[in-house]
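Visitor: Chain Z is fixed; fit chain X onto it per the hints.
Respectively, the protein sequence lines represent chains Z and X.
Per numbering that gives the first Met the number 0, the first sequence starts with residue 0, numbered consecutively.
Per numbering that gives the first Met the number 0, the second sequence starts with residue 0, numbered consecutively.
Since the hints were made in silico from the structure, they are not lab data.
Be careful, since some hints might not be right.
[To be verified] Simulated restraints, written as ranges between beta carbons of each label pair:
hint	chain 1	residue 1	chain 2	residue 2	range
1	Z	VAL33	X	VAL72	42 to 50 Å
2	X	ARG18	Z	ASP115	36 to 44 Å
3	X	ASN194	Z	ALA34	21 to 29 Å
4	X	GLY1	Z	HIS260	30 to 38 Å
5	X	VAL77	Z	PRO120	33 to 41 Å
6	X	ALA353	Z	ASP57	38 to 46 Å
7	X	ASP205	Z	ASP57	54 to 62 Å
8	Z	ARG60	X	PRO65	15 to 23 Å
Glycine included, C-beta positions come from ideal geometry on N, C-alpha and C.
Protein chains: 2
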Amino acid sequence: MGERIHATYWLETGDDPARAAEVIAGEQSSGTFVALATETPELKARAGARVERLEVIDTSRTPSLPTPKQASVYTRCVLELSWPIENLGACLPTLMATIAGNLYELRAVTGLRLIDLQLPPSFAAAYPGPAFGIAGTRRLAGVAHGPLIGTIIKPSVGLSADETAEQVRALIAGGIDFIKDDELQADGPNCPFENRVRAVMRVVNDAADRTGKKAMVAFNLTGDLDKMRRRHDLVLAQGGTCVMACLNSVGLVGLLELRRHSQLPIHAHRAGWGYLSRSPALGFDFAPLQKIWRLAGADHLHVNGLRNKFSEPDASVIAAARSVLAPVMASAELPAMPVFSSGQTGLQAHDTYAALGRADLIHAAGGGIFGHPRGVPAGVEALRASWQAAMEGIPLAQQAQRVPALAEALEFWR
Amino acid sequence: MGERIHATYWLETGDDPARAAEVIAGEQSSGTFVALATETPELKARAGARVERLEVIDTSRTPSLPTPKQASVYTRCVLELSWPIENLGACLPTLMATIAGNLYELRAVTGLRLIDLQLPPSFAAAYPGPAFGIAGTRRLAGVAHGPLIGTIIKPSVGLSADETAEQVRALIAGGIDFIKDDELQADGPNCPFENRVRAVMRVVNDAADRTGKKAMVAFNLTGDLDKMRRRHDLVLAQGGTCVMACLNSVGLVGLLELRRHSQLPIHAHRAGWGYLSRSPALGFDFAPLQKIWRLAGADHLHVNGLRNKFSEPDASVIAAARSVLAPVMASAELPAMPVFSSGQTGLQAHDTYAALGRADLIHAAGGGIFGHPRGVPAGVEALRASWQAAMEGIPLAQQAQRVPALAEALEFWR
Chain Z
0 MGERIHATYW LETGDDPARA AEVIAGEQSS GTFVALATET PELKARAGAR
50 VERLEVIDTS RTPSLPTPKQ ASVYTRCVLE LSWPIENLGA CLPTLMATIA
100 GNLYELRAVT GLRLIDLQLP PSFAAAYPGP AFGIAGTRRL AGVAHGPLIG
150 TIIKPSVGLS ADETAEQVRA LIAGGIDFIK DDELQADGPN CPFENRVRAV
200 MRVVNDAADR TGKKAMVAFN LTGDLDKMRR RHDLVLAQGG TCVMACLNSV
250 GLVGLLELRR HSQLPIHAHR AGWGYLSRSP ALGFDFAPLQ KIWRLAGADH
300 LHVNGLRNKF SEPDASVIAA ARSVLAPVMA SAELPAMPVF SSGQTGLQAH
350 DTYAALGRAD LIHAAGGGIF GHPRGVPAGV EALRASWQAA MEGIPLAQQA
400 QRVPALAEAL EFWR
Chain X
0 MGERIHATYW LETGDDPARA AEVIAGEQSS GTFVALATET PELKARAGAR
50 VERLEVIDTS RTPSLPTPKQ ASVYTRCVLE LSWPIENLGA CLPTLMATIA
100 GNLYELRAVT GLRLIDLQLP PSFAAAYPGP AFGIAGTRRL AGVAHGPLIG
150 TIIKPSVGLS ADETAEQVRA LIAGGIDFIK DDELQADGPN CPFENRVRAV
200 MRVVNDAADR TGKKAMVAFN LTGDLDKMRR RHDLVLAQGG TCVMACLNSV
250 GLVGLLELRR HSQLPIHAHR AGWGYLSRSP ALGFDFAPLQ KIWRLAGADH
300 LHVNGLRNKF SEPDASVIAA ARSVLAPVMA SAELPAMPVF SSGQTGLQAH
350 DTYAALGRAD LIHAAGGGIF GHPRGVPAGV EALRASWQAA MEGIPLAQQA
400 QRVPALAEAL EFWR
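Bound conformation, chain Z alone:
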C-alpha cells in the first residue's frame, strides 16, 4: 500500500537524541535491546519505524521522569516517527500499541508525550467515524445555529430516577437544548438506568409533544457490552436522541462496538483524562487521541472549558476544541462536536467563539444556569443571549442592556 503512519512526540532524553530516537523507533518496530542477526537490512527497511524529524528544543539538568540511567544533561526534542502500515494494517487497537506502547517505559526516555498523529486513508476506509457528528446532532436537538446550551444533572449521583426526571422537567421548561448524566451515574441501584430513562423520557416526550422541540439527553450507558446494547435499545425505544459512554472506562473496543450498534449520537466522556495528560512530560495531547476516538465513532468529545474549575490551561482547552473541529484527515473530515463544561457561564462565550470562529459546540453550564435568581429559564436565556452577542460581535455589556436575564446573570457569574 505504501502508506505510512506518522506520530510526533515531545521527547526528553539523557542520551544523545539521535540515538534515543533510533532506540524508540527500534523498540516500536523491528528492533530490540540486542542486535539480532534476523533483523536483516531488508527486514529493517521493510518493517522498521523511521525517524522523520528530530529537532532539539532545549535542555535541562534534571530529568522530568525518574530513570535508572542518569545523565548530566537532558535534551528536549520534537521527534516524528513513521511506520509502514504493512506492520499493523488499519487497526486502531494495534495502532495504540504501536504509537503509545512500550516506548514510554524506555530508560533513554525521561519524558515522552504524543503531540500529533497523521493517519493514512486506510484508517478512514476501515472505520466509520461519527454517525451523526455536528449536522446530525443539530438535527436531532433541533438547534440549527449557535451552540447547544446544555447542562449536567447534579448532584452527580444520589438522585432517584424520579428526582432526576423532576430536574429534567425544570430544565426543559427553561428551554435547555441538551442535558447529560454525570459520568458517575450509569446504572447504580440508587438510580437504575431503565427507571431513569423511562422517567426522564416521559418528561422529554411530553414537552416535545407540547412544544415541538425535543431536548437531547445523553444517557450514560457505560458498562459491559451486552448491557450497553440493551441500554441503547431502551433509550432508542423511549424516543431518546443520545447516549453517553466514558471512553477510558469502556476502551476502544467498547466504543467501536457501541458505534456498530448505535442508532444515536455517542456523547464521549473522557473521565480519566487527567491521568493521561496531567504531567506535561508524559502521556498525550488531546489532538492525536481524539482522532482515534472520532474514527472509532465519537460524535461529541469533552474538552473542559475556558477558565474551567479543573487544572487544564485555556490554551490546552482551545487546542483540544480546535482539534475536534478539524478534519481527522484530508480525505475524511469525520466532524464531531466539542463539549465545553466545568465552571462555564456566558462569560466564556465571546472568548470561546473568538478562539474557534464557530459555534458548532455544546456549552454545558451548571451553576451558571441554576444559580440565576429568576431560575432556570432566565439562566438558559442569559447563556443563549451571551452566545448570540458573541456570534454577532456585540459586547456582552451591550447585550445585557437588551436582555434583562443576562444583566441579572452578570451579577452572579462574576
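Guide: Then chain X, alone, in the frame of chain Z:
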C-alpha cells in the same frame, strides 16, 4: 447491600489536606464545585464518598504536577476513600470512572496516584475472573512445576508467517514451554494472523505429536471485537492453547468480551503501562489496576522483570508480581500468572524466586536464550537449570558445575 468500595491514593495538594480530601470525595460522588441545595444531608449520607483515612507523609515546596492554584507548601498524604456500591453497582467500567475519573484533573491535586483498591464480593459475583489461571495454564502447557520457560518472537515485526514458524520450530526443538507474539504483531499485511497461526500451529502440532508436549503459543489477536473472536476461533480450531491481547489497546470492554468468548487462556499485555505509571506523582500502581483486569478475565499479566531493560525499578516489579499472585479479594482468589520479561536470563531466577516464594510464573527470555553459543536448546536448558537451582536452594555457581549449558550461559549472561 451495604457494601463499600475502598480506593487508596498517594495525594499531593497545595490545599489543606482535609479540605482537598473532601473536594476529591465530592467530585467523585454527590458534590460539585458549588454548594447545591439539592445535595441534601440525606443524599450526601447515602451517596457521598467518605474519607476513611488521611495520613500526612511529608511536604514539598514545589508541586509535582502543574496547577493554576499555587501554594507555599504542598502536602503529601495517603488518602483512602470509600463509596457505597449503590452508587454504581458491580460495574467495572463505571468503577474506573469513579475511582480514576475527573479527580486527577482537580486544581487542589498536584499529585495523585491510585495505590490500592479493595472491592466488595459483588464484583466477584458479577465478573468471572480468569478462566484458566495458574492451574489451567500449567495443564495446557504441560508444565506441572516451576516456571514456564518462555520467549518472544523477534524481530517483533517484519518476519513473514513462515519465518515466524521457522523460529518457533527452533524454539520448540530447544524445549521451550511458552512463546508469545510481540505486542506490535497482530494482523498486519506483512504477517497476517491467519497465515501465522496456521504456519506456527503446524509446527507446534507436529512437535506435540512426536513428543507429547505442546508448547503454548500466545497469539496476539488484539483488534476489533469481531476480528478478535474470529482469530480466537482460528487458534482454537488449529489446536492452539493461548491468545494474547493488549489491555490498553482493547480496553475493559474488549477484555470482558474476549473473556466471554474465549475457550483459551488470555495472555494480557500491558503495552502503554508507562504512560499510566511512569510519573511517580500520577496514575496508577499496578496492584489496584491488575485486580480489575483479573476480574475481567486476564490469565497472565506482564510485570517486567528484575533488572529489566526498561525504567521500572525492581521494587515495583516485585510489588506487581506479588499483587498478581495475591487473591483479588478474600472471597475470590482468581489466581493469575505473572509474566516476567525484558532483559531476563537465569541470573534473575534466584532473586525472583526469593521475592515471590513460588514459581507460578512465566519467565520469558530473548537474548538470554538465543545468545547461547550452543543455540536455543542449551539456552533453554540453562534457564531451566537456573530455576531448578533457585527452587532447590542451590547456588547458581554450584548448579553450573553440574550443568555445562548453564556454565556456558553464565559467560554471556553476565
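Visitor: Is 54 to 62 Å right for how far apart the beta carbons of X:ASP205 and Z:ASP57 are?
Guide: holds, 58 Å
Visitor: Tell me if the beta carbons of X:ALA353 and Z:ASP57 are separated by a distance inside 38 to 46 Å.
Guide: holds, 44 Å
Visitor: Evaluate the given range 36 to 44 Å for the C-beta pair formed by X:ARG18 and Z:ASP115.
Guide: 39 Å Cβ-Cβ, so the 36 to 44 Å window holds.
Visitor: At the C-beta level, are X:ASN194 and Z:ALA34 separated by a distance inside 21 to 29 Å?
Guide: Taking Cβ atoms as reference, X:ASN194 and Z:ALA34 lie about 27 Å apart, which means the hint holds.
Visitor: Between the beta carbons of X:GLY1 and Z:HIS260, is the distance compatible with 30 to 38 Å?
Guide: holds, 35 Å
Visitor: If you check the beta carbons of X:VAL77 and Z:PRO120, does the distance land in 33 to 41 Å?
Guide: Given about 50 Å between the Cβ atoms, the range is violated.
Visitor: How does the Cβ-Cβ distance of Z:VAL33 and X:VAL72 compare with 42 to 50 Å: does it lie in that range?
Guide: Hint holds: Cβ distance 47 Å, inside 42 to 50 Å.
Visitor: So the hint says 15 to 23 Å: do the beta-carbon atoms of Z:ARG60 and X:PRO65 match that?
Guide: Distance hint for Z:ARG60, X:PRO65 holds at roughly 19 Å.
In this structure, the one hint that does not hold is number 5.
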